[in-house]
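**Q** Residue numbers (our numbering), protein chains in the order written: chain A, 1 to 289; chain B, 1 to 293; chain C, 1 to 332.
Don't read these hints as lab results, they were simulated from the structure.
It cannot be assumed that every hint is accurate.
[As the list claims (entries may be wrong)] Restricting the straight-line Cα-Cα distance to at most 16 Å, the calculated cross-link-like pairs of lysine to aspartate or glutamate (EDC-like) are:
hint, chain 1, residue 1, chain 2, residue 2
1, A, 104, B, 178
2, B, 135, B, 146
3, B, 163, B, 146
4, B, 274, B, 285
5, A, 18, C, 113
6, A, 104, B, 286
7, B, 135, A, 174
8, B, 227, B, 178
9, B, 180, B, 146
10, A, 105, B, 285
11, C, 207, C, 113
12, B, 135, A, 178
13, B, 135, B, 234
14, B, 274, B, 286
15, C, 77, C, 286
[To be verified] Here are the computed distance ranges between Cβ atoms for each label pair:
hint, chain 1, residue 1, chain 2, residue 2, range
16, B, 63, A, 105, 47 to 53 Å
17, C, 145, A, 62, 55 to 61 Å
18, C, 166, A, 256, 36 to 42 Å
Yeah, the Cβ is synthetic: ideal placement off N, Cα and C, and Gly gets one too.
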Amino acid sequence: MSASVLPAVDGRRRAKDKLARGVLLGLTVLALVPLVLIIYYLLAKGLGAWSKTFFTSDPTGRFLGDPGGIRSAIFGTIEMVALASVIAIPFGIGVALYLVEYGKKTRFANVVRYFVDVMTGVPSVVFGLFVYIVLVVSQIGGTFAAWKGAVALALLMLPVVTRSAEVVLTLVPDSLREGALALGAPRWRVITRIVLPTALPGLITGSLLAIARAAGETAPLLFSVAFVFGLQFDLSQRMNSLPLQIFNDVGQAQDRLVERAWGAALTLVLLVLLLTLLARLVQRRSRLA
Amino acid sequence: MTPDRSTTDERRPPMSDTTRPTGRPAASPAPRGRAPETPAAATGRTVALRGLNAYYGSNHAVRGVDLLYAANQVTAMIGPSGCGKSTLVRCINRMHEELPGARAEGGVHLDDIDLYGPQVDVVAVRRAIGMVFQKPNPFPTMSIFDNVAAGVRLSGTRGVDIKERVETSLRGAGLWEEVKDRLGERGGGLSGGQQQRLCIARTIAVEPEVILMDEPCSALDPIATLKIEELIDDLKQRYTIVIVTHNMQQAARVADTTAFMLTGEMVEHGPTEKIFSTPNDTRTEEYITGKFG
Amino acid sequence: MEAGSLTEVRGGRSILERPSRWRRVDPMVRIALTGLAALILLLIAFFFVRLFVEAKPAFDRFGYAGFIFDNNWDVSKSIYGAWALVVGTVITSAIALVIGVPVAVAAALYLTELSPRRLRAPLTVTLELLAAVPSVVYGLWGIIVLAPNLRGAEQWFTDTFAFLPFVGGTVSIPNYFVAGLVLAIMIIPIVSAISREVMATVPPHDKEGALALGATRWEMIRMAVLPYSRAGITGAAMLGLGRAIGETIAVTILIGNSPSIGATVFSQGYTLAAVIANEFGEAASDPIHRAALIAAGLVLFVLTLIVNGIARVFVNRASRGERAAVPQGMAG
Numbered sequence: 001m002s003a004s005v006l007p008a009v010d011g012r013r014r015a016k017d018k019l020a021r022g023v024l025l026g027l028t029v030l031a032l033v034p035l036v037l038i039i040y041y042l043l044a045k046g047l048g049a050w051s052k053t054f055f056t057s058d059p060t061g062r063f064l065g066d067p068g069g070i071r072s073a074i075f076g077t078i079e080m081v082a083l084a085s086v087i088a089i090p091f092g093i094g095v096a097l098y099l100v101e102y103g104k105k106t107r108f109a110n111v112v113r114y115f116v117d118v119m120t121g122v123p124s125v126v127f128g129l130f131v132y133i134v135l136v137v138s139q140i141g142g143t144f145a146a147w148k149g150a151v152a153l154a155l156l157m158l159p160v161v162t163r164s165a166e167v168v169l170t171l172v173p174d175s176l177r178e179g180a181l182a183l184g185a186p187r188w189r190v191i192t193r194i195v196l197p198t199a200l201p202g203l204i205t206g207s208l209l210a211i212a213r214a215a216g217e218t219a220p221l222l223f224s225v226a227f228v229f230g231l232q233f234d235l236s237q238r239m240n241s242l243p244l245q246i247f248n249d250v251g252q253a254q255d256r257l258v259e260r261a262w263g264a265a266l267t268l269v270l271l272v273l274l275l276t277l278l279a280r281l282v283q284r285r286s287r288l289a
Numbered sequence: 001m002t003p004d005r006s007t008t009d010e011r012r013p014p015m016s017d018t019t020r021p022t023g024r025p026a027a028s029p030a031p032r033g034r035a036p037e038t039p040a041a042a043t044g045r046t047v048a049l050r051g052l053n054a055y056y057g058s059n060h061a062v063r064g065v066d067l068l069y070a071a072n073q074v075t076a077m078i079g080p081s082g083c084g085k086s087t088l089v090r091c092i093n094r095m096h097e098e099l100p101g102a103r104a105e106g107g108v109h110l111d112d113i114d115l116y117g118p119q120v121d122v123v124a125v126r127r128a129i130g131m132v133f134q135k136p137n138p139f140p141t142m143s144i145f146d147n148v149a150a151g152v153r154l155s156g157t158r159g160v161d162i163k164e165r166v167e168t169s170l171r172g173a174g175l176w177e178e179v180k181d182r183l184g185e186r187g188g189g190l191s192g193g194q195q196q197r198l199c200i201a202r203t204i205a206v207e208p209e210v211i212l213m214d215e216p217c218s219a220l221d222p223i224a225t226l227k228i229e230e231l232i233d234d235l236k237q238r239y240t241i242v243i244v245t246h247n248m249q250q251a252a253r254v255a256d257t258t259a260f261m262l263t264g265e266m267v268e269h270g271p272t273e274k275i276f277s278t279p280n281d282t283r284t285e286e287y288i289t290g291k292f293g
Numbered sequence: 001m002e003a004g005s006l007t008e009v010r011g012g013r014s015i016l017e018r019p020s021r022w023r024r025v026d027p028m029v030r031i032a033l034t035g036l037a038a039l040i041l042l043l044i045a046f047f048f049v050r051l052f053v054e055a056k057p058a059f060d061r062f063g064y065a066g067f068i069f070d071n072n073w074d075v076s077k078s079i080y081g082a083w084a085l086v087v088g089t090v091i092t093s094a095i096a097l098v099i100g101v102p103v104a105v106a107a108a109l110y111l112t113e114l115s116p117r118r119l120r121a122p123l124t125v126t127l128e129l130l131a132a133v134p135s136v137v138y139g140l141w142g143i144i145v146l147a148p149n150l151r152g153a154e155q156w157f158t159d160t161f162a163f164l165p166f167v168g169g170t171v172s173i174p175n176y177f178v179a180g181l182v183l184a185i186m187i188i189p190i191v192s193a194i195s196r197e198v199m200a201t202v203p204p205h206d207k208e209g210a211l212a213l214g215a216t217r218w219e220m221i222r223m224a225v226l227p228y229s230r231a232g233i234t235g236a237a238m239l240g241l242g243r244a245i246g247e248t249i250a251v252t253i254l255i256g257n258s259p260s261i262g263a264t265v266f267s268q269g270y271t272l273a274a275v276i277a278n279e280f281g282e283a284a285s286d287p288i289h290r291a292a293l294i295a296a297g298l299v300l301f302v303l304t305l306i307v308n309g310i311a312r313v314f315v316n317r318a319s320r321g322e323r324a325a326v327p328q329g330m331a332g
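Excised from the complex, chain A in its bound form (with noise of 0.2 Å):
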C-alpha cells in the first residue's frame, strides 16, 4: 500500500474523531437516563400503592386516615377521553378526507391546512382557557361537567387526527381510486369502499396515538371539569381523572397522598404506553408504511 497517496489520518485528527464520538455517545446516553430513572422510580414507588382496595375505592378527600385508592379517576379518564374520541376522531378524518379527495390544492384547502397547522401548537392549557370562557361562564348546562372536559381533550385530539390522518389518506396511490372511478364507481363509493379500507391501519394508528396523547392531558381539565372525589358516570357532573388526580395530590405535601400519586402516575403511563404500543402494533402491520 503506498503511503504517498493519501496522508495518513495524524493523531490529532483521530483524537478529535474519537473525543467527538465518545461526546455524541454520551449525549445520547444522558438522553435516556432520565427515562430510565423514570421508570425506576414509577415501579419502585408505584407498585407500593398498588393494592386491590387503590383500585376499588375512590379517594375520600380526607387529609388524615385513609385516603382511598383511584377509582373514579380511571373511569373518570375512560369516560371522558372516550367521548372526545368520539368527537375528535370522525371529525378528524372527515376534514382529511376533505383535504385529500376534494379540496387537494385549492385556496381555501391550504388555508384550512394552515389552520389546522396553528392549531397543534396551541398550549394545552389555551384549549381549558377557551372551553372555560365559552361553555363554563355561559353556563350552558350547569358550570363544570366533564362533558365539557371531554371537549377540550377533543380540541386538542382534533389537529393531531387530522394531520395523521392526512398523511395516510395520500398514501393511498392514486391509482386505486382511478380504477374504482373507472369502473363506474360514484366518489363516495370510492372513499368508502377502496380509500377508507386501504387506510385503515394507518388511521387507527394515528387516532390510537392521539387518544394516548389526550388520556394524559391535564390542564384542559382544569377548568373545564375541575375536580370531585367520589365515583359517578353523570358527564353533565364533575369527574375525576387520572392526571387532575396526581395533579392535587401532588400538591398537598402529604406522604400518603403522594405516594397514592406515584401509583395513580404508574397507571396512566402504563395506559398511555398500552394504547402507544398498541398504535406502533397496527402501524407494523399496515401494508402502507
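Go by the hints and put chains B and C onto chain A.
**A** Chains B and C only, in chain A's frame:
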C-alpha cells in the same frame, strides 16, 4: 378495410320514439387474427369523436379531433410521448375531467348518445366504457374474487349473480383456470401479467360496451404481453376496443385500425396495414420509421 | 350477457341519462366534508376572537405595553403586570433549549450516523418513549425525585461560582433551573425526531464523498451532515421552543409559583402558563383577575404562534432540500 358501418345506427339521427333492438345475437366465433370485413351482426357499439378538444388548465392537449371507432374492432392510438393519445382516450370515459383544472369540449358519441350531454350521468358512462390501466391496479384489501366483483358492487348494480359473473369474467379474461382454486387470496399475490388480466376481468365484469386500454402491456414481460394480445383478439368479438400503445409492433399485431397523433392533433388514421406501409402523411411516415418519438 | 341494456333507449332517454338512485349522495358527501373543514376555520377564528374579547378588560385597564412589560403581579391589589411571568417563561424555555437541543441533536447524530444497525430501532423507540410520559408525571418525578437530589449540586455550584451573574444566595427546591431541566427532557423527543428525519435525507453521495477523501467519521459529519441539516435542526429547535413555552403542568409543579423575577437561576419564579393553572380557581369570582389570566393566555398563545410560524419556515426550507452552506475544508 373500411370500418363496417352498414349495421350501426351511427348515421341515424336520434329520435325519441325509436326503440333499438335490445340484446345481442350470440357472437359467431371468429378465427384468430384480424376480424373479417364481412358485415357480421354488430355486437358492439361505435364511438364517434367530433371536434374533441381537451385542456389541462390553459394547456390545449387535444385539438379538434374527429375519429370513429368502429364496432368490434381494435383501434390503436399511436404517437410520441405527450401527443395527447392518453388524454384523448380518457375523454371517452370522462376520466379526464376528474383531474383538477382539466376539461373537455366537443362531442363523444356512443352510437348516437352524446356522452357529454347535459343529462348524462358520468358514473353510468364509466360503466358502459371500461378502462384498463398501464400499471395493473388490483385493490389491495380485496381477494381475487372481490376484485372481480368490485366493479359490479361499486356501481351498485342489482340483481346479478355475483359468483356466476365472476366466473364468466375470469374465463373471459383467460384467468379462470389459473386462479379458480384460490379466489380467496389477495389480488396482490399474482404475477404482473396475471394482475393485469385480473383487472381486465374486473373491467368486463360490469359488462361494458367499449374497453379502453392505456398501454396495458408496457409494465409486463413479453410472455405476459403475448397472452394479453391474444386476449384482446378474443375480446373484440364482444367489445369495441381502443388501445393506446407506444409499441408500433404491438399496434401492427393487434389493431384493425390505427390512428396517429402528434401534439394533440389527429394526423392520420386508417387501416393498420395502410398506416404502416403507405401512410398518406409524411409525419406519419417519419414516426413509423423511427425518425423521432 | 345482456350487454345492450346500458345504452338502451326507453321513453326518450337512454339509461345513461336516467338519474340513479344514489345520484344525490355524491354532492351531499362533498358538502358535508367541506362543511367540516369550514367548521375548523370558524372554530379557530371564534377561538381567537373570544379569547381576545375576554382578555380585553385587562388590556383596557393596564394597556398592552403595561400588561406585558410591568413587573407587578399583585392579586390582592388587583394589579396585573405580567413581566415577571414573561421573563420566567423566557428563562425556563431558554434553559430548556440550551440543555435540550444539543442533547437531542447529539442523539439524532448518533442514531443516524454512528450507532450499530441493530441498536438503531430499539434506541429510537426508547427515545420516543420519553414523549409518551404525561407532563403531570414529569412534574411528579421532578419535584419528588429530581429537585431535592439536585439541591446539593445546585448549592455547590452557587457557592463555587458566586461571581457569575444570576448565581448566588440560597438555592430553593422548586426553581427556574429545575423547571428548565425537566422541560429540556420533555422536548428532547420532538427535537431529536425531526433532526433525525432531516439528517436521513442527507444525500449519501455527499457523505460518501467526504469519506472517500479520507475524512474521519466526525469530519464527515461536520462537512456533510451538519451543514445540510442546519435549517431542519433550527426548525426542530424552534418547535421544541414552542412546546417548552406552552408547557403548563410540569412547570407549575416545579417553578415555585412566586410572581416576581427571581434573583438567581436557582430561585423561584413563575411563567405565563403556570399562573393560569394556579390562579384560575380563585379568579372565578373576580372579573378583572380572570381577564388578566385570560390575557396571559392570549400572550402565551401569540408567543407560540410566532415561534411555531418561524419553525415552520425553517422546516419547510429544510424539506425542500436547500443547502445551508458549502462544506468546509478539512483543516485539521
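**Q** Hint by hint, note whether the structure agrees.
**A** Hint by hint, here is what the structure shows:
{"no.": "1", "hint": "A:104 to B:178", "result": "41 Å, violated"}
{"no.": "2", "hint": "B:135 to B:146", "result": "19 Å, violated"}
{"no.": "3", "hint": "B:163 to B:146", "result": "10 Å, holds"}
{"no.": "4", "hint": "B:274 to B:285", "result": "11 Å, holds"}
{"no.": "5", "hint": "A:18 to C:113", "result": "14 Å, holds"}
{"no.": "6", "hint": "A:104 to B:286", "result": "41 Å, violated"}
{"no.": "7", "hint": "B:135 to A:174", "result": "12 Å, holds"}
{"no.": "8", "hint": "B:227 to B:178", "result": "13 Å, holds"}
{"no.": "9", "hint": "B:180 to B:146", "result": "13 Å, holds"}
{"no.": "10", "hint": "A:105 to B:285", "result": "42 Å, violated"}
{"no.": "11", "hint": "C:207 to C:113", "result": "10 Å, holds"}
{"no.": "12", "hint": "B:135 to A:178", "result": "11 Å, holds"}
{"no.": "13", "hint": "B:135 to B:234", "result": "22 Å, violated"}
{"no.": "14", "hint": "B:274 to B:286", "result": "15 Å, holds"}
{"no.": "15", "hint": "C:77 to C:286", "result": "12 Å, holds"}
{"no.": "16", "hint": "B:63 to A:105: 47 to 53 Å", "result": "27 Å, violated"}
{"no.": "17", "hint": "C:145 to A:62: 55 to 61 Å", "result": "26 Å, violated"}
{"no.": "18", "hint": "C:166 to A:256: 36 to 42 Å", "result": "38 Å, holds"}
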